[in-house]
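S.K.: Chain residues, written in single-letter form:
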Amino acid sequence: MALPLFLRSVEESGFSTWLRESESPFGFYFVLLFHTFGLALLVGANALIDLRLLGFSRSIPLAPLKRFFPIMWAGFGINAATGVLLLISYPTKALTNPVFYTKLVMIGFAIWILTKLQKEVFADTTATEAAMMTRGATLAKWSLLLWIGAITAGRLLAYTFKYILYPF
Amino acid sequence: MNLAHLHLLLNHFPIIGTLVGVGLFLFSLTGRNDDLKRASLIIFAVMALLSLPTFFSGVGAQGAIEEQPGVSKALINRHEGAAILALLFMELTGALSLAALWQSHKSPKPARWNVAAVLILALITVGLMTRVGTTGGDVRHPEISDSSDPAANEGTLGSLVQAFEPSPAKFTKLMTANKYWWAFMMDLHFIGLVMIIGAVGALDLRMLGFAKEFPIASMHRLVPWGLAGFAINVVTGVLAFIGMPAYYTYDLAFWIKIFAVLLLGLNAAAFYLTDTFRVVEHMGPGEDAPPPAKLIAASSLVLWIGVITLGRYIQLYQGSIATR
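Going down the list, the protein sequences come from chains A and B.
Counted the way the numbering used here counts, the first sequence spans residues 1 to 168.
Counted the way the numbering used here counts, the second sequence spans residues 1001 to 1324.
No lab work stands behind these hints, which were simulated from the structure alone.
Hints may contain errors.
[Stated by the list, open to error] Sample of chain A residues facing chain B (criterion: CB under 10 Å; computed from the structure):
1) G27
2) L32
3) R58
4) T125
5) G154
6) T160
7) K162
8) I164
[As the list claims (entries may be wrong)] Computed cross-link-like contacts, DSS-like style, restricted to lysine-lysine with a CA-CA straight-line distance of at most 30 Å:
9) K1212/B - K119/A
10) K66/A - K1173/B
11) K66/A - K1212/B
12) K66/A - K162/A
13) K162/A - K1170/B
14) K1294/B - K1106/B
15) K1170/B - K116/A
16) K162/A - K1173/B
17) K1170/B - K141/A
18) K141/A - K116/A
Glycine included, every Cβ here is placed at the ideal spot set by N, Cα and C.
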């Protein structure tokens, strides 16, 4: 099967080439670094909220955990932006690997759950902790599973690719 | 200073330190002295941390001498196998010591099983560390034994222990033979990272004044999650190192990362072993942590960000340290 030519066009663009081949510490590895920071902010805080909703660390008051939503959205923003840059660096490598699409689908669902947590569990400031935990338990379980899956898929991208660059 | 120098500088600590720790631990049991017991548990935790750079610097020390006349690769391999086994028991001792310290903080008496387990593991560690020391001495001290054959200076006990020591070359192959095993380890390393930042980052932010609705004590309850993440990352990190020793050894980013991890240990000591922790421990919602606690929280955040940064740059800086 012939690979779409736009992969090669992106890859041959000056920006993609610079990201990939620059020996500057502010090239590819800088983007990768911020992708990791974003992961730590987003999933670190989300895992904390999920575990609390599932009944761990009950001494932490539940309602104020909504303060972590801006941190998580910042993490997501960083990762959406750096994710696009990583995709521009190696479009063929990512888009020819089914694991990449699996990762995107899992992130999509995890983010959808995050919005549901925000709207259905944390928006109602009159809800008791017990009510919040009842509403959030199933969401929290799926959230944890999806994030573990997304991180795993992301790590696998480094090892399961078919092409690194557009083949000639 | 080169890596061989670093190895010689560090390699006495795990041996003598665990010996001192065991001595104090035994005294604390006979005298029922809980402060002494705490001190020895802290020593075990510190030695577990210091053993990591000691182990990592061994490969560089090997690289520095293995081509020299009179240096036996068989002796180096035996030393490395002994070190892997001793490191395993050292890290187990350190992990259980931290668990015991956590328990002793929550109730005055740590659980009996834990005290017994720490004692048994620490005694085994002392024995294995002694062997690491003597096999290491055999590599470079012909005045003690000038045989290059590991079997020539092996006692009965030594050959028995050797049966349990991995062969470094085989272990290395085992780690890298299957790319999915490697990917799984790296995956766990990232999940451990998330656990650390989720727990320690939340506590640090609260101490710095973010989300003061939380009592500090409740955020502090997260610390075991952070420690569990750290344990996962020590295990997966050491296994990765064993899988690609030369890749990590000659990498400046790797070494600065390990140094930053040691500084984080120092930072934790500054928190728990001074009055800082006692002051903030029972702070409720809305209360402001004093400046020393804020300084420690800020150092922790900066150092963890540094650790993540340096970890990401290991690949870029491979080969940044000269091999000779």
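S.K.: Against each hint, give a clear statement of whether it holds in the structure.
M.R.: These are the hints, each one checked on the structure:
no.	hint	verdict
1	G27	holds (9 Å)
2	L32	holds (6 Å)
3	R58	holds (9 Å)
4	T125	violated (12 Å)
5	G154	holds (8 Å)
6	T160	holds (8 Å)
7	K162	violated (13 Å)
8	I164	violated (14 Å)
9	K1212/B - K119/A	holds (23 Å)
10	K66/A - K1173/B	violated (47 Å)
11	K66/A - K1212/B	holds (12 Å)
12	K66/A - K162/A	violated (42 Å)
13	K162/A - K1170/B	holds (29 Å)
14	K1294/B - K1106/B	holds (24 Å)
15	K1170/B - K116/A	violated (49 Å)
16	K162/A - K1173/B	holds (24 Å)
17	K1170/B - K141/A	violated (40 Å)
18	K141/A - K116/A	holds (13 Å)
Hint compliance for this structure: hints 4, 7, 8, 10, 12, 15, 17 are broken, all remaining hints hold.
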